[in-house]
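Colleague: Given the coordinates of chain A, work out where chain B should sit on it, guided by the hints.
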Amino acid sequence: MILGLGLPDEGSVTVLGMAPAAAISRGLVSAVMQTGGLLKDLTVRETIRLTASVFANARPVDEVLERAGISGIGDRLVGACSGGEQQRLRFALALLADPALMVLDEPTAGMDVEGRRDFWTAIRRDAEQGRTVLFATHYLEEADAYADRIILLRQGRIVADGTAAEVRNLSSGRSVQATLPGADEAALSALPGVRSVEIRGDRVLIQTLDSDAVARYLLTSTAAHDVEVVAHNLEEAFLALTGDSPLSAEPGVEDAKAT
Amino acid sequence: MSTAGPDPHRSFEARRQPALGGFNLTFLSIEVRRLLRNRRTFVLTLVVPVVLFLLLRTNKRIAIPGLEITAATTMIGIAVYGAMLASTSGGAMVSIERALGWSRQLRLTPLRPVAYVAIKILVAMILGLTSVVVVYTAGAISGVDMTPATWVLTGLLAWMASFVFAAFGLFIGYLLPSENVMQVIGPVLGIFSLFSGLFVPLSLLPSVMQDIAPYMPTYGVAAIARFPLVGGAFDLAWLLSVIVWTAAFIIAATLLFRRDTRRT
Numbered sequence: 001m002i003l004g005l006g007l008p009d010e011g012s013v014t015v016l017g018m019a020p021a022a023a024i025s026r027g028l029v030s031a032v033m034q035t036g037g038l039l040k041d042l043t044v045r046e047t048i049r050l051t052a053s054v055f056a057n058a059r060p061v062d063e064v065l066e067r068a069g070i071s072g073i074g075d076r077l078v079g080a081c082s083g084g085e086q087q088r089l090r091f092a093l094a095l096l097a098d099p100a101l102m103v104l105d106e107p108t109a110g111m112d113v114e115g116r117r118d119f120w121t122a123i124r125r126d127a128e129q130g131r132t133v134l135f136a137t138h139y140l141e142e143a144d145a146y147a148d149r150i151i152l153l154r155q156g157r158i159v160a161d162g163t164a165a166e167v168r169n170l171s172s173g174r175s176v177q178a179t180l181p182g183a184d185e186a187a188l189s190a191l192p193g194v195r196s197v198e199i200r201g202d203r204v205l206i207q208t209l210d211s212d213a214v215a216r217y218l219l220t221s222t223a224a225h226d227v228e229v230v231a232h233n234l235e236e237a238f239l240a241l242t243g244d245s246p247l248s249a250e251p252g253v254e255d256a257k258a259t
Numbered sequence: 001m002s003t004a005g006p007d008p009h010r011s012f013e014a015r016r017q018p019a020l021g022g023f024n025l026t027f028l029s030i031e032v033r034r035l036l037r038n039r040r041t042f043v044l045t046l047v048v049p050v051v052l053f054l055l056l057r058t059n060k061r062i063a064i065p066g067l068e069i070t071a072a073t074t075m076i077g078i079a080v081y082g083a084m085l086a087s088t089s090g091g092a093m094v095s096i097e098r099a100l101g102w103s104r105q106l107r108l109t110p111l112r113p114v115a116y117v118a119i120k121i122l123v124a125m126i127l128g129l130t131s132v133v134v135v136y137t138a139g140a141i142s143g144v145d146m147t148p149a150t151w152v153l154t155g156l157l158a159w160m161a162s163f164v165f166a167a168f169g170l171f172i173g174y175l176l177p178s179e180n181v182m183q184v185i186g187p188v189l190g191i192f193s194l195f196s197g198l199f200v201p202l203s204l205l206p207s208v209m210q211d212i213a214p215y216m217p218t219y220g221v222a223a224i225a226r227f228p229l230v231g232g233a234f235d236l237a238w239l240l241s242v243i244v245w246t247a248a249f250i251i252a253a254t255l256l257f258r259r260d261t262r263r264t
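Listed in order, the protein sequences are those of chains A and B.
Residues in the first sequence are numbered consecutively from 1, following my numbering.
Residues in the second sequence are numbered consecutively from 1, following my numbering.
Chain A extracted, bound-state conformation (with noise of 0.2 Å):
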């Protein structure tokens, strides 16, 4: 709907001010899909050349095959051109309007781990110019590295919206674990935030929202020590959050907020 593919069932959609079809023919909005939207019988560089003829003010050809790391390949045919490269070509193509905002579907579907990489520091590099970034993912560990804000989705609904750390918190907070003899149980209890002790012997561990105030407790006010505080990470505070139903549930991120 951003794109323009599609329309709302209500309501109505506007980017950056305008219908979405006015922000695309003005190159507000560009896109990089997951697969497909390359003709295999162009070079590299003729693909770019063909998409940078049809906007009204492109960037040099020669200008996004660099920022997008690909102009040692520029004259290979597309077809030729492995699963990583043909991603890197669908940025530059996204570059070429120098959009206000670019959305990514899944961007490194397929990709090898080295592909996945250089993809991102592209990105990042060229994020932190104050481009505005989403794009939606199912590599959680990827939304957690690259991500300046992350959406959860649930069957449509927004289940969470912060920062990456803010949106682990969420579901679960932290576990803190102390080796501390003869604990109080109940006082543990009372502290903010906490919402289950459990004592295993000498340790104690505790899951609570709110891990500082605890260690702060623990270290301040009882003999504890061996205190150790360890976050859920990014994919069991997505389960817990969209738990009821997870083949439903996809990720939404937004990176890279422009200023």
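Check the hints yourself; a few may be wrong.
Footprint (simulated), chain A over chain B, 3 or more residues, beta carbon under 8 Å [claimed, not checked]:
(1) 15-24
(2) 91-104
Reference excerpt, derived from the structure (chain B facing chain A, CB under 7 Å, subset only) [said to hold, decoys possible]:
(3) F12
(4) F27
(5) R34
(6) P110
Worth flagging that the hints you see were computed from the coordinates, not collected in a lab.
Glycine included, each C-beta is placed from N, C-alpha and C at the ideal position.
Modeller: Same frame as chain A, now just chain B:
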């Protein structure tokens, strides 16, 4: 960033949209180059017609009552065939591009769908013209003899077939979501051509085929292309055939094109 400012929306509005819906000559020239690089297209549109001509040409007039076949009439018939084959395959490229998701990719650019179709039709017609020129060159080398005016006129009229069949190609291209659309088109065009006397004069064909011939999309264009050479009475049915078929292909292609680009 260029969009920074007190009212970012205003500078967004200030960004230009392309002229002519994105239609431009760079796009056109890359498309033509791409088609000629495709070996199958090259063979189909440039080699096949020439080989056919060299096989079918007759240097002596064949004496059949009411009919003269010369190398020239054969050449014109083959040129129509070549133009048709070239422009149909040019138009049908949209099928491959839809299958590859390229059409969808283009919808994320300022290129208007109408400009895209205009480019496709022009590319198809350029390919059709190339085919006519190649067949006529082969004809000239092998000694076809016509007045300069007849060369030019018949050539242009044969090229006219490209427009009709560019529309046909677009229609097929939007109808079939297949990468092998040419495998359907080849035989269909072969039947059109045979039935309308492009390869072998109609009067040599069985009477059933002669009865069907006037309803073939190629019938009118073939007769009109040969008219400057053959002379005689101009049959308005030829013109009617061209108009009706062109309109039919354009309408069918437009309907399918609308279905394809409708934003759902």
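Colleague: Evaluate each hint against the coordinates.
Modeller: Hint check:
{"no.": "1", "hint": "15-24", "in the structure": "holds (count 7)"}
{"no.": "2", "hint": "91-104", "in the structure": "holds (count 5)"}
{"no.": "3", "hint": "F12", "in the structure": "holds, 5 Å"}
{"no.": "4", "hint": "F27", "in the structure": "holds, 5 Å"}
{"no.": "5", "hint": "R34", "in the structure": "holds, 6 Å"}
{"no.": "6", "hint": "P110", "in the structure": "holds, 4 Å"}
The earlier numbered hints are all upheld by this structure, with none contradicted.
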